[in-house]
Structures are given as structure tokens and as C-alpha cells.
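Chains A and B supply the protein sequences, listed in that same order.
Take 85 as the starting number for the first sequence in this note's numbering and just add one per residue.
Take 111 as the starting number for the second sequence in this note's numbering and just add one per residue.
Simulated from the structure, these hints should not be mistaken for lab results.
Since this is a predicted model, take the numbers as computed values, not measurements.
Where is the CB? At the ideal position from N, CA and C, for every residue including glycine.
The reader is advised that the hints may include incorrect statements.
[To be verified] With a straight-line Cα cutoff of 25 angstroms, these simulated DSS-like cross-link-like pairs (lysine-lysine) come out: (1) A/K161 - B/K231; (2) A/K212 - A/K260; (3) B/K260 - B/K231; (4) B/K150 - B/K186; (5) B/K150 - B/K181; (6) A/K227 - A/K216; (7) A/K183 - B/K181; (8) A/K161 - B/K186; (9) A/K260 - A/K227.
[As the list claims (entries may be wrong)] DEER-style ranges, computed between Cβ atoms: (10) A/T214 - B/T113: 41 to 49 angstroms; (11) A/T214 - B/A121: 43 to 51 angstroms; (12) B/E198 - A/D254: 56 to 64 angstroms; (13) A/F163 - B/T208: 27 to 35 angstroms; (14) B/A235 - A/D213: 17 to 25 angstroms; (15) B/Y255 - A/V138: 31 to 39 angstroms; (16) B/K231 - A/D257: 46 to 54 angstroms; (17) A/K260 - B/R158: 33 to 41 angstroms; (18) B/A184 - A/D181: 15 to 23 angstroms; (19) B/A184 - A/A233: 43 to 51 angstroms; (20) B/E198 - A/A233: 38 to 46 angstroms; (21) A/G201 - B/Y255: 30 to 38 angstroms; (22) A/G201 - B/A201: 49 to 57 angstroms; (23) A/P249 - B/A201: 36 to 44 angstroms.
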Amino acid sequence: MIRTALVTGLLGAALNVAAQAPHSFDPIAEVLQHPRCLNCHTFTEYPTQSRKMVDPISGEVSYLRFRHAQQVIRGEKGFGAPTLQCGACHQDENVADGKVPGAPHWHLAPLSMGWEGLNRGELCETLKDTDKNGGRDLAALVKHMEEDALVLWGWTPGGDRDTPPYAHADFIDLLKLWVAAGAPCPTN
Amino acid sequence: MTTPAPRETFALSVNGRVEQTDVSPDKPLLWVLRDELDLKGSKYGCGRALCGACTVHVDGQPTRACVTPVKAVAGKSVTTIEALSETELGARVQRAWTSLNVPQCGYCQSGQIMAVVALLKAIPAPTDPQIDEALSGNICRCGMYPRIRKAVHELAAGGFA
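With the hints as extra help, turn the sequences into a complete structure.
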């Protein structure tokens, strides 16, 4: 009786530790869930903008995300309304004072690649799902994250915008490690 | 304070003419149009692509000239409010504007007209939501939106020919 209880307890504790142990996808999720990515990986018919909030006592950073100014819309292909394209304002690079961000082919990710509100497991599965991610296998996914101009913009956003956690090169290393491990997904 | 890039010579296609300018490649198109080419119809409003007063067409697409570096339009076709009356649609829009007294103070109206012409080219008979989608980035602090919408609908119905 005592032995059974002990084993059960130890097993439960071990599972609990396993559930809380760092997962190779965790740092990737941290990056993908940053506003630099989420503002255009929405489930909405419009992009969002964000404002950094710092708790004056704890120093904790959070982000308030809200609908993009001017009520701009996603449009059929993610490039805005045919008569008010994202490129009307967002040029190929940030403007000199950084107030208006810009990068080549500025647009929203398709709705299938919305990441808002997903837990790490759902985000991971979405990222890998070739039916949702534009048909990219893992190698193509790494290449996209490594080279796409709009992805790279996330690390040079201009103005006083925050960058995602981890330098871009470190993020790519983490991504490659995760892929090399078989791209496992966490369960939550 | 960033140092402007050295000047370069650009051959710009503006209103169907090729114009030579010798400016910093980062200079906003709006200031090239207004200060170098003396085309002052496009207005400076916010300087941050938020109000639409500076709207011009670049290859037919409404574009905010205040945040568009001149180097971005090299090899492209720029149209400003000054050339709009040379097209049938542009002339009709201008007639609608005067007939319906659309502007009040008028400051935003060159941008509004540029946006409306682009809208009617793309969607000849737009619905109210389509009008909103096209013009939501053009702010009118006099609140002339109902008149703008009325003008668009009357133009779509063939008015002001």
C-alpha cells in the first residue's frame, strides 16, 4: 500500500516535472508570439498595432494590441483593400525617422497562419502544417525564417519598437535545433 | 538626427513628363513634388502616412507621398492632382466636387479626390463598405464624409459626365 502510493507519487511528480521542463519549441514560441509577428499573423480581417506597457512597480512588460489605425483591412490576399494597399504607406524600408515601418511585400499572413491566442502546442502544429503554412516543409520553413525580408524586418523594426526575444541568428540556431530534433511539439 | 544621403539625379515620370531632380534619395516624394517640381496640389498633413492629404498615384495606386522616398518611385509613373483633369474620370470627379460643394476647408481634398479616382477606376460602382475601405485612410477634419460618399455614388451612377 505504502509502496504503491510512493510509486504513484513519484510517477506523478516525474510527469509534472516533464510537463514543466523546457521544450525545444519554447523559445521559438516566444519569438512567434511577440507583437512584431502577431500584429500581422492575426485571425482578424485587419492587422493590429501594439503599445508596450511596463508595470511601474514590477517592471513587467506586456503589450496592448489594438486594431490598426485608419481601419485598414486585410483584403483578399492580405495586401489590404485593392484601393488602399498596405504599400500605400509601408514602403520597402522604414522611413528615416522610423515612425512608419516598412519592408518589401508588406502584408498580412493568411488567416490559416493566424497565431493569436494559440497555446504553444497549437502554434507548433500550425507552423508545421503544410496545408496552413503555404506548403512549406521544415527546410522551407527555416529558409523562410532565415531569409524573408518581412521576417527579417522584425529584428530591424525602426523607431522605438521592441524586437523579439533572441537575436535573429540565435533564433535561427534554435529553429534548426528544433528541426534537427524532429520538430517536436509541446502538448500545451 | 540622421545625415541625409548624398544627392543623386533622378529622372522621375510625373504627370506624363520626365522630370530631372537632383536630391537625396531619401527625400520624401512630397517635398520633391512641392519644392523641386513646384507641384503644390499635394498637401502636407501629418507627415506620417496617417491622414492621406499627400496622396498621389504611383503606377495607379494611391500612395502617401510624405513617407515615400523619392528613390522608391524611380522608373515608376507618378500622377498628382494637377494632372487629374486631363482624364475623363478625373474631370468628372472634380465637377462632382464643385457641384456638390464637397470640400469645406479643402485642405484634405486633393488627397480625397486622388483616392476616389483610384477607387472608381478599380471598382466603378462601389458599395458603402468598399467606399469606406478605400477612403478610411483619408481624414477630413471638417467631416465631409457624407458629401464624399454622395459624390462617389452619383459618379458611379454616371453623373457629372
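Okay, the hints, checked on the actual structure:
| no. | hint | verdict |
| --- | --- | --- |
| 1 | A/K161 - B/K231 | holds (19 angstroms) |
| 2 | A/K212 - A/K260 | holds (13 angstroms) |
| 3 | B/K260 - B/K231 | holds (17 angstroms) |
| 4 | B/K150 - B/K186 | holds (20 angstroms) |
| 5 | B/K150 - B/K181 | holds (20 angstroms) |
| 6 | A/K227 - A/K216 | holds (17 angstroms) |
| 7 | A/K183 - B/K181 | holds (18 angstroms) |
| 8 | A/K161 - B/K186 | holds (23 angstroms) |
| 9 | A/K260 - A/K227 | holds (10 angstroms) |
| 10 | A/T214 - B/T113: 41 to 49 angstroms | holds (47 angstroms) |
| 11 | A/T214 - B/A121: 43 to 51 angstroms | holds (45 angstroms) |
| 12 | B/E198 - A/D254: 56 to 64 angstroms | holds (58 angstroms) |
| 13 | A/F163 - B/T208: 27 to 35 angstroms | holds (34 angstroms) |
| 14 | B/A235 - A/D213: 17 to 25 angstroms | violated (40 angstroms) |
| 15 | B/Y255 - A/V138: 31 to 39 angstroms | holds (38 angstroms) |
| 16 | B/K231 - A/D257: 46 to 54 angstroms | holds (48 angstroms) |
| 17 | A/K260 - B/R158: 33 to 41 angstroms | holds (39 angstroms) |
| 18 | B/A184 - A/D181: 15 to 23 angstroms | holds (22 angstroms) |
| 19 | B/A184 - A/A233: 43 to 51 angstroms | violated (19 angstroms) |
| 20 | B/E198 - A/A233: 38 to 46 angstroms | holds (39 angstroms) |
| 21 | A/G201 - B/Y255: 30 to 38 angstroms | holds (34 angstroms) |
| 22 | A/G201 - B/A201: 49 to 57 angstroms | holds (50 angstroms) |
| 23 | A/P249 - B/A201: 36 to 44 angstroms | violated (55 angstroms) |
Comparing the model with each earlier hint shows violations of hints 14, 19, 23; every other hint is respected.
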